[in-house]
Amino acid sequence: MNLFNYKRRKSSEVQIGGTPLGGDNPIRVQSMTTTATTDTEGSVEQARRIVEAGGEYVRLTTQGVREAENLREINAGLRSQGIDTPLVADVHFNARVADVAALYAEKVRINPGNYVDTARTFKQLTYTDEEYAQEIEKIRARLVPFLNICKENHTAIRIGVNHGSLSDRIMSRYGDTPEGMVESCMEFLRICVAEKFTDVVISIKASNTVIMVCTVRLLVKTMEQEGMSFPLHLGVTEAGEGEDGRIKSAVGIGALLYDGLGDTIRVSLSEAPEAEIPVAKALVEYVTAHAIHPLIEAVEASGFDYYAPTRRTTHAVGNIGGDQVPVVIGSCFGESRVLDANLRPDYLYCGSTLPTERPEGIPLIVDAPAWTGEEDTYPVFMGFGDKNYLPLLAACPAKVKFLFVTYSQCSEEVLACLKTHPEVVVIHQTNHLHRVGEHRALAHLLMHEGISNPIIYFQHYAEESLADLQLRAAADSGVLCIDGFADGLYLHNIGNGIAPQAIDATAFNILQAARVRTSKTEYISCPGCGRTLYALEETIAHIKAATSHLKGLKIAIMGCIVNGPGEMADADYGYVGAARGKVSLYRKKECIEKNIPEEQAVEKLLELIERCEKESR
19 MNLFNYKRRK SSEVQIGGTP LGGDNPIRVQ SMTTTATTDT EGSVEQARRI VEAGGEYVRL
79 TTQGVREAEN LREINAGLRS QGIDTPLVAD VHFNARVADV AALYAEKVRI NPGNYVDTAR
139 TFKQLTYTDE EYAQEIEKIR ARLVPFLNIC KENHTAIRIG VNHGSLSDRI MSRYGDTPEG
199 MVESCMEFLR ICVAEKFTDV VISIKASNTV IMVCTVRLLV KTMEQEGMSF PLHLGVTEAG
259 EGEDGRIKSA VGIGALLYDG LGDTIRVSLS EAPEAEIPVA KALVEYVTAH AIHPLIEAVE
319 ASGFDYYAPT RRTTHAVGNI GGDQVPVVIG SCFGESRVLD ANLRPDYLYC GSTLPTERPE
379 GIPLIVDAPA WTGEEDTYPV FMGFGDKNYL PLLAACPAKV KFLFVTYSQC SEEVLACLKT
439 HPEVVVIHQT NHLHRVGEHR ALAHLLMHEG ISNPIIYFQH YAEESLADLQ LRAAADSGVL
499 CIDGFADGLY LHNIGNGIAP QAIDATAFNI LQAARVRTSK TEYISCPGCG RTLYALEETI
559 AHIKAATSHL KGLKIAIMGC IVNGPGEMAD ADYGYVGAAR GKVSLYRKKE CIEKNIPEEQ
619 AVEKLLELIE RCEKESR
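With this note's numbering as the guide, the letters of the sequence shown map in order to residues 19 to 635.
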């Protein structure tokens, strides 16, 4: 694995209908229908819209044999319209359904967490080594006949591990960990290899981007150790909707794409399924555009753990670095600017001129030649242009200083200056085509040299739309946060088309999606499927409108029980479809109220939150 230079992982090729995956094939994009799979006409129509948007695979839920059998009719309906896009059956809880689905779909997704093991109950079970081995044999006995059906029908499979549906058996031995998720997958992969069944795709997903990224990295390492190279399906499950869902997906999926991992992706949004496709395509196109770039010469620091990264050790400079949350720097050039009431930057960079109206309570960063020592203003030195800036920096009496510098400018003299001046915060900028690689290189260089000055990443763009900026900045910056390198973000966009407040908000949202700073309520909401038991989009809107002021809370909104309690494991409160028209409410992992009529459930959730938050004060 080269952290600094982009190279796509070479995976084995899997034939899925007429659209092969992995190998030298492009990264495929896909989505999933939200219609009932017994609704032939509705499913065909929705699948058609996904395909027209650019989807290369269409997944449908098959919760029962009846749904699995109806795939034949849906498949026929699409083929009659000249659509040959492969269909993927999504199976949970019932292995018999997978057997049937393999007859009519080009690929079948099975979930190791509930294929043979019972549904997750959060019970602590105890197994001897012999008993544990017996459970693996149960999996083998049930999986092998399914693989034989797939061989006979040229059906591929996806082994899809979800953080939210790990079995109690796996939890009992490995806990709620990346190691447990990997082992849950490997149990099935080893059987596939033993049976010489190679048309296998793997996914490991979580709503927590850090867990998702670290687990996929660990899975690839484990597969390589066992001589496997199966292709990967990437996705952040329960990402939500709107800009939050897009940013969260770009943080998690983008981090792995930059590592060269991933053969197909799904951006899971709580929206119409066809809305997922343009986002997925844009993300893939943006990251893979970095494939051909000038070589970055860098060495991985010995203290960095790619598989379980921790935050780089830095000393505090004011409120930057150390154990403090990453800061956000905004821009304010030559005049006053409107600030968001809630997402206010920690600093504003104003160039060589202070604004006419200083925003209250926000320190200003000003070019060093123009700095006069005013209260709550700090100088920034440029590591380019004036070659004599180092003596000026050394002589400056400011308690906090900033230094714009590029990786190529980090000479021995500059590194010596940083060692001598702990009051300096590095603002790293790059014009390299592969900006993530050079940003990483700078962090590893400082670690190698034993330099603990904080790093703020300056990310500059020239985007015309906010959506493009959000997607690209999230992909570029999320991986740096997950790797533990970001002590702050400074996003800057050339042009007047995007409001500064929106740019600031994007930085805050990236930090939250990467789990390094919480600025607002976080919603963990599923994209919906044929299992969804209530009007998902309407309910999400209702809950968000009523709770968005509750900073720091995580609220899960889940359409059904499949991933409900599991993905809510680190959520504060959960709203889960229990039956048609019925909802259950959770606090953490505990179900507080069961089977509430849907029309009462949102108000009951608000009452639960209010009561519990009052008790905790």
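Everything labelled a hint here was simulated from the structure, so no lab data went into it. Treat the numbers as computed from the prediction; the structure is a model and nothing was measured. Built from N, CA and C at the ideal position, the CB exists for glycine as well. Accuracy of the hints is not assured; some may be wrong.
Unchecked claim - What follows is a set of in silico ranges between Cβ atoms, one per label pair, in the way DEER data are often shown:
#1 Glu170 to Glu70: 26 to 36 Å
#2 Glu63 to Glu318: 27 to 37 Å
#3 Lys437 to Gly193: 51 to 61 Å
#4 Gly193 to Lys169: 32 to 42 Å
Going through the hints against the structure:
1. At roughly 32 Å, the beta-carbon separation of Glu170 and Glu70 lies within the given 26 to 36 Å, and the hint holds.
2. Taking the beta carbon of each, Glu63 and Glu318 are about 50 Å apart, not inside 27 to 37 Å as hinted.
3. Checked against the hint of 51 to 61 Å, the C-beta distance between Lys437 and Gly193 comes to roughly 41 Å, which is inconsistent with it.
4. Range check, Gly193 to Lys169: Cβ separation about 35 Å, and the 32 to 42 Å hint holds.
Of the numbered hints given earlier, the model fails hints 2 and 3; all others are met.
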